[in-house]
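Enquirer: Just so you know, the sequences run in chain order B, U and D. Under the working numbering, think of the first position of the first sequence as 1, with each following residue one higher. Under the working numbering, think of the first position of the second sequence as 1, with each following residue one higher. Under the working numbering, think of the first position of the third sequence as 1, with each following residue one higher.
Hints are not guaranteed to be accurate.
Claimed, not checked - Distance windows between CB atoms, simulated:
#1 D:485 x U:1: 27 to 33 Å
#2 D:306 x B:72: 49 to 55 Å
#3 B:171 x D:533: 26 to 32 Å
#4 B:195 x U:51: 45 to 51 Å
#5 D:22 x B:116: 50 to 56 Å
#6 U:255 x B:195: 55 to 61 Å
#7 D:18 x U:16: 44 to 50 Å
#8 D:357 x U:48: 37 to 43 Å
#9 B:195 x D:302: 28 to 34 Å
#10 D:22 x U:255: 34 to 40 Å
#11 D:65 x U:16: 57 to 63 Å
As the list claims (entries may be wrong) - Once the Cα atoms are required to be at most 25 Å apart in a straight line, the calculated BS3-like pairs of lysine-lysine come out as:
#12 U:13 x D:343
#13 D:343 x D:359
#14 B:53 x U:13
#15 U:16 x D:205
#16 D:205 x D:427
#17 B:20 x D:555
#18 D:427 x D:359
#19 D:427 x D:506
Hints are computed from structural coordinates only; laboratory data are not their basis. Computed from a predicted model, the values in this text were never measured in an experiment. Quick reminder that beta carbons are idealized off the backbone N, C-alpha and C, glycines included.
Below are the chains, spelled out letter by letter.
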Amino acid sequence: MSATLNATPLSLPARELQWKLPARGQVAMYSLICAEAAIFAIFVVAYLFYIGKSLSGPTPSEVLSPPIFFTVCLLSSSLTIHFAAKRLRSGQVRGFGAWWLSTIILGAIFLYGTASEWHRLIYQDSLTITTNLFGTTYYSLVGLHGFHVVVGLLALTTVMVFTVFGTVKQEHAARIEVLSLYWHFVDAVWIVVFTVVYVIGR
Amino acid sequence: MVVFALLLYSVVKFRKRKNDDGREPPQVYGSNQVELAWTIIPILIVVALFMATARVIASVQKAARPDNAIEVVAIGHQFWWEYRYPELGVVTANELHVPVSDANHPTPTFIKLLSADTDHSFWIPRLGGKTDLIPNHPNSMWIDPHEAGIYLGQCAQYCGTQHAKMLLRVYVQSRADFNRWAQEQRQPATVSAASQGQQIFETTACINCHTVAGKVATGHFGPDLTHLMSRDTIAAGAATNTPENLRQWILNPDAIKPGSLMPAMQLSDQDLDALTAYLETLR
Amino acid sequence: MSTETIAWPSTTESSSSFVEKLHEWVTTVDHKRLGILYIAYALVFLLIGGIEATIIRIQLIRPHNDFVSPQVFNRLFTMHGTTMIFFVVMPVLFGFANYLIPLMIGARDMAFPRLNAFSFWMTAFGGLLLYFSLVGANGLYGAGNAPDVGWFAYAPLTSQTFSVGHSTDFWILALLVSGFGSIGTAINIIATTLCMRCPGMTLAKLPLFAWLNLVMAGLVILAVSPLTAAQIMLLVDRYLGGHFFDTQAGGSAVIWMHFFWVFGHPEVYILVLPAFAFASEIIPVFSRKPIFGYPVMVGATIAIGFISMSVWAHHMFTVGMSAAANTFFVISTMAIAVPTGIKIFNWLATMWGGKIEFKTPMLFCIAFLFQFLIAGLTGIMQGAAPFDWHLGNSYFVVAHFHYVIVGGILFCLFGAFYYWFPKMTGKMYSETLGRLHFWLFIIGFHLTFDFMHIPGLLGMPRRIYTYEPGRGWDTWNLIVTIGVFFQAAGILVFLGNLIWSYFRGKPAGDDPWDAWTLEWSTNSPPPAYNFYTVPTVQSRRPLWDLKHPDDPDWKYE
Chain B
1 MSATLNATPL
11 SLPARELQWK
21 LPARGQVAMY
31 SLICAEAAIF
41 AIFVVAYLFY
51 IGKSLSGPTP
61 SEVLSPPIFF
71 TVCLLSSSLT
81 IHFAAKRLRS
91 GQVRGFGAWW
101 LSTIILGAIF
111 LYGTASEWHR
121 LIYQDSLTIT
131 TNLFGTTYYS
141 LVGLHGFHVV
151 VGLLALTTVM
161 VFTVFGTVKQ
171 EHAARIEVLS
181 LYWHFVDAVW
191 IVVFTVVYVI
201 GR
Chain U
1 MVVFALLLYS
11 VVKFRKRKND
21 DGREPPQVYG
31 SNQVELAWTI
41 IPILIVVALF
51 MATARVIASV
61 QKAARPDNAI
71 EVVAIGHQFW
81 WEYRYPELGV
91 VTANELHVPV
101 SDANHPTPTF
111 IKLLSADTDH
121 SFWIPRLGGK
131 TDLIPNHPNS
141 MWIDPHEAGI
151 YLGQCAQYCG
161 TQHAKMLLRV
171 YVQSRADFNR
181 WAQEQRQPAT
191 VSAASQGQQI
201 FETTACINCH
211 TVAGKVATGH
221 FGPDLTHLMS
231 RDTIAAGAAT
241 NTPENLRQWI
251 LNPDAIKPGS
261 LMPAMQLSDQ
271 DLDALTAYLE
281 TLR
Chain D
1 MSTETIAWPS
11 TTESSSSFVE
21 KLHEWVTTVD
31 HKRLGILYIA
41 YALVFLLIGG
51 IEATIIRIQL
61 IRPHNDFVSP
71 QVFNRLFTMH
81 GTTMIFFVVM
91 PVLFGFANYL
101 IPLMIGARDM
111 AFPRLNAFSF
121 WMTAFGGLLL
131 YFSLVGANGL
141 YGAGNAPDVG
151 WFAYAPLTSQ
161 TFSVGHSTDF
171 WILALLVSGF
181 GSIGTAINII
191 ATTLCMRCPG
201 MTLAKLPLFA
211 WLNLVMAGLV
221 ILAVSPLTAA
231 QIMLLVDRYL
241 GGHFFDTQAG
251 GSAVIWMHFF
261 WVFGHPEVYI
271 LVLPAFAFAS
281 EIIPVFSRKP
291 IFGYPVMVGA
301 TIAIGFISMS
311 VWAHHMFTVG
321 MSAAANTFFV
331 ISTMAIAVPT
341 GIKIFNWLAT
351 MWGGKIEFKT
361 PMLFCIAFLF
371 QFLIAGLTGI
381 MQGAAPFDWH
391 LGNSYFVVAH
401 FHYVIVGGIL
411 FCLFGAFYYW
421 FPKMTGKMYS
431 ETLGRLHFWL
441 FIIGFHLTFD
451 FMHIPGLLGM
461 PRRIYTYEPG
471 RGWDTWNLIV
481 TIGVFFQAAG
491 ILVFLGNLIW
501 SYFRGKPAGD
511 DPWDAWTLEW
521 STNSPPPAYN
531 FYTVPTVQSR
541 RPLWDLKHPD
551 DPDWKYE
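Could you build all of it, start to finish, from the sequences and the hints given here?
Expert: Okay, here's the thing in structure tokens:
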């Protein structure tokens, strides 16, 4: 029975069947982004809920100052990764490599910024994750974002290594675009985190 | 019921018969009118149910408090109930006394619900729905009993090992009886000749957790014992209040309520007898 | 086109040793094998969870029983709930989804086979972590302790103060790890369903099974993530000194409840939508009619998906939210009854005017319809907050959700086992044993869960290891426990049937049920490549079109 069914495909109507489906890499990355967005949403809700509820310890307005420079770096890295992907699509592997490297550097500068801010908060302002509700929610939210930046940088660096060794070619453009989707998401999250922590929360 | 009946009918009427001719039945794909009908009707039913519910919610949660309502603060502990009557100056444990209320001149009891440790829930099924006691989240509820008697309940939110034996007893009494009870509860502990039992009580760890009003014992971790003998049960209902049970409880709480937070007091038999005798005087 | 078959090199069973076969199974990325791994894993944990339930019921058979200590009882109900939800029902549903979706959409495998394998092993590891707590929770130098905080683990009971040792940590980690597995599977299901359909299969021609699993996967993405977030917060509290749920520092115990139930409520729809999927495939085939109102079924499913994200606080009616909040959650809870009811009406209409064959899968699905109807009614009752103030956290709730999960989901699952067993193994199960299983189980189910509503109405709260005599609960608890043994017998018959039929069943052929979706067009069991040629479809029932060329579906759709 199965041989017959498999061997005689159903006859199609005369018109040509145009069968185009979305790319699975993109669909999967968008789904992952939704899941991650939900995780961040919960941390954001916790942060917003606990604004002003700390019983003691330093308050946001006392110790936080908006990291404008580092934010600009991170958001620019979205631009550079976009250019990198465009370059690879049109086959310019060297140009791709250059823009990709700038993305990594900008991301690393942002991480350094977070690290130095935390250093100051811990050693100068005595704010740790155990100090009060602000400390707990701040370090958790910014930390979660920072963790995603680290993961992103690891992935980007891996691609960089492959590029240096010449393995990355024009046909990989779609995969690079999927990866850059993740990076754009990380930047978008930072916009939300920045607004919640440094604008609303203060 | 309607759907149930229709289901039953369809299962019986449309079953494949023995003399089936092997043809497929008419292939019906759907019907917009039918779909619309059985969407609109449930929506109407839902709206009606919702309106009725919303009204009840408002009447319960926004109930006005009459001036002569009794006020109680209930504090949930692992695994017992603390009751304070702020206006009456009474502190007691586990057995709640309230006056009976009259439908024409209601004297309900408004209970503020707090918790000293984890989540609990106050539930007396015959008196009302349950409300949770959550730390750092004060709640309030009211009961309005019209009949005197004893009402039983228990903690309704899992709070740890002995959640099952965190029982509730509410004594709804006539106004006169209630006033008398409150008056007795307000007194400090009965003065008796300083007994050996009292000495044991006041020099061992008992006073770290328990209060006996008017004496040195001012611990708050465990129930107030000033009028221990006015209660029918001990250990939040886990045992009846008899000398044998009381003695057993002090000797080894885990035998009655394993996992309760009262430690075994490691007292000698003699000391135990004396202590129990002293507690028996706390009426 | 000729019917000449090409000789395919056969992997003869006798040539590979046990170690080689084991290696094949452990390293497989084939969706069918992973599906079977998920299902087998779930069946093992079904037995474990069932034993936990049996012990619980024996302890509660009479007041002041001492079959187990309170500490053990508290661990038992925690483990029973956690095991059944995360390591029985979710894996078995993922297993069926993995096995059937590619076959039904004419694909050769899932979109990401290696992610598929990774997700399975993550889920499996989560289950092992949970049970490792029995050994490791007090440190390896002593017998450990299973978690005893209840399956929804309310704060602050889970803080270091009230949960010493590591039992709670194993609960947290098990759910964190298996959560990653679930999200991986969900991503795979979405990508597969959207990107791997065979030519001609537009979304409007997708089998309902695939539609329901697609919406389920979307819910997993949106709902399991909040649980992950909450678990991380709890770990921060327990190990980094955080104060997310620390009421002494001004934190909120209620916020844990919100986060948990934002997961917890969509979770039950994650569990029930695949069950609906089974019913939507089985009922039409055994009524010999197409599903009534396909577009409405799809619409209702999507509506359920959306609304289910907005009802969570109906688990918190007793917590002391404002009247406005309570009222909102009442309306959203009642609203979800509308699309769910529509589905029941559509199944009913599918059977109406059909020629119903009472084979075992259909028996279970018919029972599901009756039982799910009742479960929905008790749900609506509790959706009215004032009712819930009385019934919440009592055995009425326990009866309600077991009615849905056992009477609804498990019955559909049994139906699915019997329906697709011939496809997965190539053998037919024993119809006699199937009916025996059905009748034993349904008697036990009703004995236990019908009567369980009564102690709840009479005031018996849940999660108590014993109860006082004289509250009027004694007889009902006795009847409830008796039902357990019928259900256990039914399960044993079921497992026996599966095993016996696997070895001794009659060959089933490709299409024993005269069904209409693509999985029935290939061999039983399907070859590794699923289809000899990728099929092209024109309607929702491609095999109906083939079998009835004079009256094909695409003329009417």
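Enquirer: With reference to the structure, classify each hint as holding or not holding.
Expert: Comparing the hints with the structure gives:
1. Evaluation of the 27 to 33 Å hint for residue 485 (chain D) and residue 1 (chain U) yields a pass: the beta carbon distance comes to about 31 Å.
2. Distance hint check for residue 306 (chain D) and residue 72 (chain B): the Cβ-Cβ separation is about 38 Å, which falls outside the suggested range of 49 to 55 Å.
3. The beta-carbon spacing between residue 171 (chain B) and residue 533 (chain D), approximately 27 Å, falls within the hinted interval of 26 to 32 Å.
4. Range check, residue 195 (chain B) to residue 51 (chain U): about 40 Å between beta-carbon atoms, so the 45 to 51 Å window is missed.
5. Between residue 22 (chain D) and residue 116 (chain B) the Cβ separation comes to about 52 Å, which falls inside the hinted range of 50 to 56 Å.
6. Take residue 255 (chain U) and residue 195 (chain B): their Cβ atoms lie about 59 Å apart, and the range 55 to 61 Å holds.
7. Between residue 18 (chain D) and residue 16 (chain U) the C-beta distance comes to about 46 Å, which sits within the given range of 44 to 50 Å.
8. Our hint of 37 to 43 Å for residue 357 (chain D) and residue 48 (chain U) holds, since their Cβ atoms are close to 39 Å apart.
9. Between residue 195 (chain B) and residue 302 (chain D) the CB atoms are about 31 Å apart, so this pair conforms to the stated range of 28 to 34 Å.
10. Distance hint for residue 22 (chain D) and residue 255 (chain U): a CB-CB separation of about 52 Å, inconsistent with the stated range 34 to 40 Å.
11. Judged by the Cβ atoms, the range 57 to 63 Å given for residue 65 (chain D) and residue 16 (chain U) is violated: they are separated by roughly 49 Å.
12. At most 25 Å may separate the alpha-carbon atoms for a hinted pair to count; residue 13 (chain U) and residue 343 (chain D) meet this at roughly 21 Å.
13. Distance hint between residue 343 (chain D) and residue 359 (chain D) is fulfilled; the C-alpha atoms sit about 22 Å from each other, no more than 25 Å.
14. With a C-alpha separation of about 65 Å, the suggested pairing of residue 53 (chain B) with residue 13 (chain U) is violated against the 25 Å cut-off.
15. Of the pairs offered as hints, the one joining residue 16 (chain U) and residue 205 (chain D) is violated, with about 28 Å between alpha carbons and a cut-off of 25 Å exceeded.
16. Taking the CA atoms of residue 205 (chain D) and residue 427 (chain D), the gap is about 29 Å. The hint is violated against a cut of 25 Å.
17. Distance hint between residue 20 (chain B) and residue 555 (chain D) is fulfilled; the C-alpha atoms sit about 24 Å from each other, no more than 25 Å.
18. For the proposed pair residue 427 (chain D) and residue 359 (chain D), the alpha carbon gap of about 16 Å is at most 25 Å, so the pair holds.
19. Using a Cα cut-off of 25 Å, the hinted pair residue 427 (chain D) and residue 506 (chain D) holds, with the two alpha carbons roughly 5 Å apart.
In summary, the structure is inconsistent with hints 2, 4, 10, 11, 14, 15, 16 from the numbered list given earlier, while agreeing with the others.
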